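With chain L's structure known, arrange chain P on it following the hints.
Chain order of the listed sequences is L and P. Going by my numbering, 118 is the number at position 118 of the first sequence; the sequence numbering is gapless. Going by my numbering, 140 is the number at position 140 of the second sequence; the sequence numbering is gapless.
Calculated from the structure, these hints are not laboratory results. For clarity, every value in this text was computed on a predicted model and none was experimentally measured. All C-beta atoms, glycine included, are put in the ideal place defined by N, C-alpha and C. Check the hints yourself; a few may be wrong.
What the hints assert, rightly or not - The following label-pair restraints were derived from C-beta to C-beta distances:
#	chain 1	residue 1	chain 2	residue 2	range
1	L	K333	P	G160	50 to 58 Å
2	P	L209	L	S699	30 to 38 Å
3	L	K256	P	G160	42 to 50 Å
4	P	K61	L	G582	51 to 59 Å
5	P	N187	L	S699	36 to 44 Å
6	L	S241	P	G160	25 to 33 Å
7	P	Q25	L	G703	25 to 33 Å
8	P	L67	L	R157	30 to 38 Å
9	L	D159	P	N187	32 to 40 Å
10	L	I27	P	G65	28 to 36 Å
11	L	T767	P	N187	42 to 50 Å
12	L	T242	P	G65	37 to 45 Å
13	P	T91	L	S699	52 to 60 Å
14	P	Q25	L	P455	50 to 58 Å
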Amino acid sequence: MTNHWIDIRNSDCIMIIGSNAAENHPISFKWVTEAMENGAKLISVDPRFTRTSSKADIYAPLRSGTDIAFIGGIINYCLVNGLYNEEYVAEFTNASHLINSGFGFSDGYFSGFDQKNSKYSKSTWQYQLDENGIPKEDKTLKDPNCVFQLMKKHYSRYDADTVSKVTGCPKAMFLKVTKKYCETGQRGKAGTIMYAMGTTQHTYGTQNVRSYAVLQLLLGNMGLAGGGINALRGESNVQGSTDHCLLFHIIPGYLKTPKAGDKDLQTYLKHYTPVSKDPKSVNYWKHYPKFAVSLLKAFWGDAATEENDFAYNYLPKISGNYSHIALFEALYKGVIKGMILLGQNPAVGGPNARMERKAMENLDWMVAADLWETETASFWKGPEVDPKKIKTEVFLLPAAASFEKEGSITNSGRWAQWRYQAVNPPGQAKDDLWILNAIFTRVQNLYKKEGGKFPEPITKLAWNYGEHPSSHTVAKEINGYNLTTGKLLANFTKLKDDGTTMCGNWLYSGSYTEDGNMMARRELDDPTGIGLYPKWTWCWPVNRRIIYNRASCDTKGNPWNPDKYVIKWNGEKWVGDVPDYGKTVPPEKNVGAFIMKPEGHARIFGMGLADGPFPEHYEPVESPVENMISSVQIDPIVKVWDSEMDKIGTSDTFPIIATTYRVTEHWQTGAMTRSLPWLVELMPNMFCEMSKSLAKKKSIKNGDNVKIKSARGEIEAYALVTDRFQPFKLNGKVVEEIGLAWHYGFIGLSKGDSANCLTPHVGDANTMIPEYKAFLCDVKKA
Amino acid sequence: MAEKAVLLDLSKCMACRGCQVACKQWNDLPAEKTTFFGGPGYQNPKDLSPQTWTLVKFFEKKENGSLIWAFRKHQCLHCSDAACIAACPVTPKAMTRDKETGIVYVDESRCIGCGACVEYCPFGVPHVDEKDEKSKKCTFCIDRIQEGLEPACVKTCPSGALIFGDRDEMLKKAKAIAKKLKMAGRNPYIYGIKELKGLHKIYVLPEGLDFYDLPKSPKVPEDIGLLEGLLKPISVATLTAAAVGLAIGYLKTVRQEQVAEKEKEKC
Chain L
1 MTNHWIDIRN SDCIMIIGSN AAENHPISFK WVTEAMENGA KLISVDPRFT RTSSKADIYA
61 PLRSGTDIAF IGGIINYCLV NGLYNEEYVA EFTNASHLIN SGFGFSDGYF SGFDQKNSKY
121 SKSTWQYQLD ENGIPKEDKT LKDPNCVFQL MKKHYSRYDA DTVSKVTGCP KAMFLKVTKK
181 YCETGQRGKA GTIMYAMGTT QHTYGTQNVR SYAVLQLLLG NMGLAGGGIN ALRGESNVQG
241 STDHCLLFHI IPGYLKTPKA GDKDLQTYLK HYTPVSKDPK SVNYWKHYPK FAVSLLKAFW
301 GDAATEENDF AYNYLPKISG NYSHIALFEA LYKGVIKGMI LLGQNPAVGG PNARMERKAM
361 ENLDWMVAAD LWETETASFW KGPEVDPKKI KTEVFLLPAA ASFEKEGSIT NSGRWAQWRY
421 QAVNPPGQAK DDLWILNAIF TRVQNLYKKE GGKFPEPITK LAWNYGEHPS SHTVAKEING
481 YNLTTGKLLA NFTKLKDDGT TMCGNWLYSG SYTEDGNMMA RRELDDPTGI GLYPKWTWCW
541 PVNRRIIYNR ASCDTKGNPW NPDKYVIKWN GEKWVGDVPD YGKTVPPEKN VGAFIMKPEG
601 HARIFGMGLA DGPFPEHYEP VESPVENMIS SVQIDPIVKV WDSEMDKIGT SDTFPIIATT
661 YRVTEHWQTG AMTRSLPWLV ELMPNMFCEM SKSLAKKKSI KNGDNVKIKS ARGEIEAYAL
721 VTDRFQPFKL NGKVVEEIGL AWHYGFIGLS KGDSANCLTP HVGDANTMIP EYKAFLCDVK
781 KA
Chain P
1 MAEKAVLLDL SKCMACRGCQ VACKQWNDLP AEKTTFFGGP GYQNPKDLSP QTWTLVKFFE
61 KKENGSLIWA FRKHQCLHCS DAACIAACPV TPKAMTRDKE TGIVYVDESR CIGCGACVEY
121 CPFGVPHVDE KDEKSKKCTF CIDRIQEGLE PACVKTCPSG ALIFGDRDEM LKKAKAIAKK
181 LKMAGRNPYI YGIKELKGLH KIYVLPEGLD FYDLPKSPKV PEDIGLLEGL LKPISVATLT
241 AAAVGLAIGY LKTVRQEQVA EKEKEKC
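If we strip away everything but chain L, and leave its shape as in the complex, we get:
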């Protein structure tokens, strides 16, 4: 979240799209409700009518996978009718920036597409620079090469009629949403977008989010109380795990994992430290070397010295894609021999779960740590498996639940909240720190004793946590120390790139200081009255509760909404929230408001994306219709895998759209909920929701058992026939969509077929998140 949970209450208009917050984030509705009590309007955009929709002022249906068409249509309407915040757009975004005149877009392709390698060359997706190397701008936004004009041209193709044909949302309904939401472009108004996996789990999921960013920037909603783009994270601490970068392409604090070509520290730092020649740009990432060197010091301690590049050569370098899908493709091919899973259940949660289960058969060993036995730990006794033929040795380690251990949980609003241990774990269950420490110390001892090809990264790792690591020790290490004084750092502005500081994650520097554990604070002061609660726990970065908050004021430093100001200039300094700006830098200096970008401006034109600087509508890999906006059917960067179990279906055999989702009563793969009798009582069985018209056509009655088939598998479920699903009219063609809860599997108190036996093994062009939310199937009575 750019903002935070409580801040939702400050909004004038809440658009929930790609999220079913009432069901999957019920606590958020405390704040949604409060906003509505104060007069805010709630818009729910969803393929089906959900418990969120039931509370909305406006409900608009859209076919799964058509967010960019929908939002692109709003952007177009906003631009054509001049409903954007002109000062904000001209001064705070890159709308005024001139782009290389070679940039273009033609029938679904941006300039620079390399058909052979399915890749873009981004040489034309660049700013025009003046003689000093500073991007050229036209603040009148009239230059045909400026981002604003390019954007206007791009989205002119997204008129309301086209949007309706593509999305299946009736035109009147689309316009109702559009007009209501665009009211937040007025000075003093704020609109927020709440989104979740319905947005991201597409082959163009990143661009779906980008489309929200473009809209929010046009309406001047970023940085304001009640504004922002708010990702509702699906797990209590998934924000924390993201910040610590439990992903293959980044290391703690969103630093880049070195690539094979980054041969030494200097090359690496040069590669990833952005340079700006603009004196009006803060370009905060210029401090990258301080963050990176301090991290290396945290990893390898005294073994990291200036002479040895701070042990940079111990860091693993990547040469390929190691995302979930790629890993399982490699596993399927027999490349991977062992697997450690902590709280993961891909046998139910992974895309094309039948294929992923099959791939697990190639493992020599598996270690699974979880609260209950999971389908993954028991893949060898699942359906379609003969246990006699499985050679894998499986170790199931009993793990402690969150209430059985002490530590921090970072919520969606970036608040790192310290939690105490409530009870001891049952039996032999241990917390993750204990488990990882026990595994690592044994591995390290083996390397010390037996050596290996390159043992130093392991043997020299600074690892001295004793038998049972304390979460306080780890939290302090994450915060970082001044190695000269031995004192905890106050925050990341104290970091150095000369090896005199160490810090496990620069973003979290300031969370555990000499003044104590900031994450454990529980003070209820609210000096601004907008619910920032600055002394309640701690929030990254530097306890800033709303990021990009410089943009909450106009160029003169006056809040767009004085009643709900986040920060304001008092003549000497910025007061309110921790400013996302120099605390004493006056507004008249006109320093760029978005300090993390080298150009100091928020990017409407995003040259960092793999598949285009403007979000463009493509169809899901499996779609019932042809792309009506261009002749390029799917996102051209998307990789379609080719193992024999990676089948892609077509609409002649599989004419119905399917989507997957969670319900309030269960959680993720059900590993934590399908063994709890009270929750099983509420949602006992796998079910499939469908429209009355589809049910009639297929002679299915409410409560019948049905079979759902995709190119990858077939499952059974109970039918829930409901008006909450309605067929979509797509350019005259009527298409049905069904919905599947994805919580069920073959282990636990409540068992059922896994929806993911049907989903495809394809991922987003930028992030590789799987396309769980839109694929093709057929349905019949069982």
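Positioned in the frame of chain L, the structure of chain P alone reads:
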């Protein structure tokens, strides 16, 4: 302690069913073995039972092209004129009203599990547990109230749909909420002001009275007096569930005959 009530503002209920789980957790009630039954909506279990004292009912209706999906938390309404108390044949009564708060609860030490309360409750709330032969229903968490806490369901409700407080305050709130809903073009009805001389669970029904499967004008059945008369000759010590069952059975037959006669008259 003043008279208490829980206000159920259904305009805010999103059917997360946290209340269902909180009720079972606080009251140590076992889960029922359920099966998907096609709703409406996601409702489960099918009905209240000795193990389930509250449940959320789902209502789905398409009107003029737009859909209404509404929810109602169902449980004992703690009536001022409570049919269950009137029907309870033991002396002193097992079905008891706490004079201060207005809470209606079962004193299990007296309950003989005869089912008279089950028979006469206009809302189908109490259920006799066959195992211990006691009548079971929502206790309003009287054990929590006496310790100055709110009921477990109220404590867990994330959206503010459930509010606990003094009954007159809750009525005021209900009226204010209904007024606001009316201004927003809804058709609210406050259920519990006068129904059965006042309920201690007060609903604000944003879609009107007809939508939520509630009796329009609930009444204490007239033949409760007859039941008392029939049981009078039996002494307190020898009164059994079986005897009450026989009496209820007899009254049922009488009632059916009366209905049949009325039908005849109509013809």
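**Prompt:** For the pair T767(L) and N187(P), does the Cβ-Cβ distance stay inside 42 to 50 Å?
**Reply:** holds (47 Å)
**Message:** The hint says 28 to 36 Å between I27(L) and G65(P); measuring C-beta to C-beta, is that right?
**Reply:** holds (32 Å)
**Request:** Kindly confirm whether 30 to 38 Å is satisfied by the beta carbon distance between L209(P) and S699(L).
**Result:** 37 Å Cβ-Cβ, so the 30 to 38 Å window holds.
**Prompt:** Are T242(L) and G65(P) spaced within 37 to 45 Å by their CB atoms?
**Reply:** Once the Cβ atoms are compared, 42 Å apart, the range 37 to 45 Å for G65(P) and T242(L) holds.
**Prompt:** If you check the beta carbons of K333(L) and G160(P), does the distance land in 50 to 58 Å?
**Reply:** holds (53 Å)
**Prompt:** Is it true that Q25(P) and G703(L) lie within 25 to 33 Å of each other by Cβ?
**Reply:** About 29 Å separates the Cβ atoms of Q25(P) and G703(L), which means 25 to 33 Å holds.
**Asked** Does the Cβ distance between N187(P) and S699(L) fall inside 36 to 44 Å?
**Response** holds (37 Å)
**Request:** Starting from the hint 32 to 40 Å, judge whether the C-beta atoms of D159(L) and N187(P) obey it.
**Result:** Check passed, 38 Å falls within 32 to 40 Å.
**Asked** Cβ-Cβ distance between K256(L) and G160(P): within 42 to 50 Å?
**Response** holds (44 Å)
**Prompt:** Does the hinted range 25 to 33 Å hold for S241(L) and G160(P) at CB?
**Reply:** Given about 31 Å between the Cβ atoms, the range holds.
**Request:** Go ahead and decide if the range 51 to 59 Å is satisfied by the Cβ distance of K61(P) to G582(L).
**Result:** holds (57 Å)
**Prompt:** Are T91(P) and S699(L) spaced within 52 to 60 Å by their CB atoms?
**Reply:** Taking Cβ atoms as reference, T91(P) and S699(L) lie about 59 Å apart, which means the hint holds.
In terms of the numbered hints stated before, the structure departs from none.
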